[in-house]
Amino acid sequence: MATRLMFENSCEVGVFSKLTNAYCLVAIGGSESFYSTFEAELADHIPVVKTSIAGTRIIGRLCAGNKNGLLLPHTTTDQELQQLRNSLPDQVVVQRVDEKLSALGNCIACNDHVALTHTDLDRETEELVADVLGVEVFRQTIAGNILVGSYCAFSNRGGLVHPHTSIEDLDELSTLLQVPLVAGTVNRGSEVIAAGMTVNDWTAFCGADTTATELSVIESVFKLREAQPTAIVDEMRKSLIDSYV
Amino acid sequence: MADSSMFTVPQTIGHILCCKCGVPIVPNGANMCVTCLRSEVDITEGLKKHVIIMHCPECDSYFEPPRTWIKAQLESKELLKFCIGKLGDLTKKVRLVDASFVWTEPHSKRIKVKLTVQKEVLHGAILEQSYIVEYVQQDHMCESCTRIQANPDQWVAAVQLRQHVSHRRTFFYLEQLILKHGAASQAIKIKQVDEGIDFFFANRSHAMRFVDFVGKVSPLRNRHDKQLVSHDPKSNNYNYKYTFSAEICPICREDLICLPPKVAASLGNLGPIVICTKVTDRIALLDPFTLRHCFLSADQYWRVPFKSLFTSRQFVEYIVLDVEPVSNEVDFGGSKYKLADVQVARKSDFGRNDNIFYVRTHLGHLLNPGDYALGYDTYGANSNDMELDKYRGLTLPEAILVKKSYGEKREKKRGKARQWKLKSLDMEVDESKGRSDKDKIASEYEEFLRDLEENPELRFNISLYRNREYEPSEIASVTTGEDLPSVPLEELLADLDMSDEEDEENGMRD
Numbered sequence: 001m002a003t004r005l006m007f008e009n010s011c012e013v014g015v016f017s018k019l020t021n022a023y024c025l026v027a028i029g030g031s032e033s034f035y036s037t038f039e040a041e042l043a044d045h046i047p048v049v050k051t052s053i054a055g056t057r058i059i060g061r062l063c064a065g066n067k068n069g070l071l072l073p074h075t076t077t078d079q080e081l082q083q084l085r086n087s088l089p090d091q092v093v094v095q096r097v098d099e100k101l102s103a104l105g106n107c108i109a110c111n112d113h114v115a116l117t118h119t120d121l122d123r124e125t126e127e128l129v130a131d132v133l134g135v136e137v138f139r140q141t142i143a144g145n146i147l148v149g150s151y152c153a154f155s156n157r158g159g160l161v162h163p164h165t166s167i168e169d170l171d172e173l174s175t176l177l178q179v180p181l182v183a184g185t186v187n188r189g190s191e192v193i194a195a196g197m198t199v200n201d202w203t204a205f206c207g208a209d210t211t212a213t214e215l216s217v218i219e220s221v222f223k224l225r226e227a228q229p230t231a232i233v234d235e236m237r238k239s240l241i242d243s244y245v
Numbered sequence: 001m002a003d004s005s006m007f008t009v010p011q012t013i014g015h016i017l018c019c020k021c022g023v024p025i026v027p028n029g030a031n032m033c034v035t036c037l038r039s040e041v042d043i044t045e046g047l048k049k050h051v052i053i054m055h056c057p058e059c060d061s062y063f064e065p066p067r068t069w070i071k072a073q074l075e076s077k078e079l080l081k082f083c084i085g086k087l088g089d090l091t092k093k094v095r096l097v098d099a100s101f102v103w104t105e106p107h108s109k110r111i112k113v114k115l116t117v118q119k120e121v122l123h124g125a126i127l128e129q130s131y132i133v134e135y136v137q138q139d140h141m142c143e144s145c146t147r148i149q150a151n152p153d154q155w156v157a158a159v160q161l162r163q164h165v166s167h168r169r170t171f172f173y174l175e176q177l178i179l180k181h182g183a184a185s186q187a188i189k190i191k192q193v194d195e196g197i198d199f200f201f202a203n204r205s206h207a208m209r210f211v212d213f214v215g216k217v218s219p220l221r222n223r224h225d226k227q228l229v230s231h232d233p234k235s236n237n238y239n240y241k242y243t244f245s246a247e248i249c250p251i252c253r254e255d256l257i258c259l260p261p262k263v264a265a266s267l268g269n270l271g272p273i274v275i276c277t278k279v280t281d282r283i284a285l286l287d288p289f290t291l292r293h294c295f296l297s298a299d300q301y302w303r304v305p306f307k308s309l310f311t312s313r314q315f316v317e318y319i320v321l322d323v324e325p326v327s328n329e330v331d332f333g334g335s336k337y338k339l340a341d342v343q344v345a346r347k348s349d350f351g352r353n354d355n356i357f358y359v360r361t362h363l364g365h366l367l368n369p370g371d372y373a374l375g376y377d378t379y380g381a382n383s384n385d386m387e388l389d390k391y392r393g394l395t396l397p398e399a400i401l402v403k404k405s406y407g408e409k410r411e412k413k414r415g416k417a418r419q420w421k422l423k424s425l426d427m428e429v430d431e432s433k434g435r436s437d438k439d440k441i442a443s444e445y446e447e448f449l450r451d452l453e454e455n456p457e458l459r460f461n462i463s464l465y466r467n468r469e470y471e472p473s474e475i476a477s478v479t480t481g482e483d484l485p486s487v488p489l490e491e492l493l494a495d496l497d498m499s500d501e502e503d504e505e506n507g508m509r510d
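Going down the list, the protein sequences come from chains A and B. One point on numbering: in our numbering, the residue at position 219 of the first sequence is 219, and numbering is uninterrupted. One point on numbering: in our numbering, the residue at position 467 of the second sequence is 467, and numbering is uninterrupted.
None of these hints come from the bench; they were simulated from the model. Backbone N, C-alpha and C fix where the C-beta goes; we use that ideal spot for every residue, glycine too. You may find that some hints are simply not true.
[To be verified] Here are some chain A residues pointing at chain B (derived, C-beta under 7 angstroms):
1) 163
2) 183
3) 184
4) 185
5) 188
6) 189
7) 211
8) 213
9) 217
10) 219
11) 220
Sequences are here, hints too, so could you generate the full structure?
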């Protein structure tokens, strides 16, 4: 199911939050309604953590992560780093990255198996991404834009990309990512997909301006209708229990 | 590498769903289909949709503040331009792509214009929209129509054109010239009077323009005057009536003139007896005995004005008995002349008595024995001219021939319609002097037409129209000897088919 919400009168939900299969990061806002929406939906299954990165609230665009790890920019303070290490589950590796392009959320788009990165990303960062997140890294552009992290959002089930992506590009990306992709918009025709929504394998959160058509497209491509959170999380739990014993 | 161009993958743009209605569309700036975009954004917001315009029903013109009235027909280009101008500066807000009229009933006093405009909305998508502007026509008489309504005979400037001769040939010719050049198009009234024509205008500058025009085609002397009609002391506006009095010189073509001694001397001692061959803004004079010629300009004439000795009404017909050429052909003013000694007899004398005159004439190139010629009978005439008396020891020849006559052949053709016809000005005729001899005027007009036929140079400035009712006669093949000079077909203008309307304004004379 996809939920519509607003952060302090802004529909750019993907800027102020980061959602993965193992955890959720939320920015600290004036009113608690943003946090409580996430909490109501996710608290039963994954930890929802309120944080800031580098003293800012635009955490969704500064960090990149999946169920295996979380990458933070070099501007993250030590306290924030520590707080995140404490709040997140132990198998999630939290790592600070020394990278010139510090808005990692705009430069890296990833799910649990594949990542697409900005074409000018450093070699070391790319290796770090492959190590920490445990993914295969591809340098790509989307509809001619190098900020892949902003213009596409994908999970392990499907992905949504910039509306002007050509059919050939769509086919190529789909082959790389091994998930079905569709070109579409969010927040009433906005092309910046990842800023307008955030998604994981069983749920998605979109800005309040998102129209019913867009919502139906999102639900169908990410296969959210029949998604059962418990099934997915239980799979993860099994691996957790394994490690204890 | 053989080919320098890079390998590029062909890019086909796919379809996305419109974010509002879900219909597949090509992605655009707003990522919405056109209908959804139209329902969202109205680019005609803030543009005028209802305008009031003033219309004068008399002269069918529209008011353009602060002062002008623009004449325009319904659904014409000028009206469209006027209507779009009334909307204010559209280009600041939108881009105008198309404009056209929507038909409305003329009595409804509404004009509808459909405009198509373009504007950029929402991240670079350009939207095009049509809308209709309605103009309400309010009737309001313009100032000139009000003035005319109040007093229809009101004129501001008048031109009184006079020529003190006993015939109206000049005025017939002038009438045709005026028609051809449209010089009297701004006249509100034209009145024909004894020895002249009066033209009335609504504007002093129109009258001046007319006087200048006439001055270019005939030697004119004019003076002007004005009369105060009203005076507004507060705004210091003075309204006048202006009058121009123009006199055309009384010398006409084919007149015989005896030059005053001063004029003859100033022209290089041109023989005092001269014939006037052409009158434009200068008078062309020809000495028939020496074939010398010269021009007299208007102010030269009016400095020492003189009258002609004989005018073309006093023509007498002569029969040419014998021709002896004396000199070669001389070309003067476009026409050729040849000196010859001829033996002539007056037609009235011929067969009755033996009065034969031996005279010198300049028509040697035209005359052959047996021809008829027109000339002045100085032998039998009793002229009472002061100038002639000033010359002592001047002997006049007994006859001076001026032109060849086609009298006999004219008789055959009399009553048959000509191949061409002329238009005429709409003139009021002043009957007060009792000059209603229609026959005299008709015969003068007939002579004028004959003149036109014989002289191509006269026809140069005149428009001739093809006569639809003319049928070439069956006996055209029977022509004895020379043909009559007539107007060649190439010179005729085909009359406009809208002659029904024109008939009301310019009567047709046959």
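Structure-based check of each hint:
1. 163: holds, 4 angstroms
2. 183: It holds, given that the least Cβ distance between residue 183(A) and chain B is near 5 angstroms, below 7 angstroms.
3. 184: Holds, about 5 angstroms.
4. 185: holds, 4 angstroms
5. 188: holds, 6 angstroms
6. 189: At 4 angstroms from the nearest chain B Cβ, residue 189(A) passes the 7 angstroms test, so the hint holds.
7. 211: holds, 5 angstroms
8. 213: With a closest approach of 4 angstroms, the residue 213(A) hint holds.
9. 217: holds, 6 angstroms
10. 219: violated, 13 angstroms
11. 220: Violated - the Cβ of residue 220(A) stays beyond 7 angstroms from chain B, reaching only about 10 angstroms at its closest.
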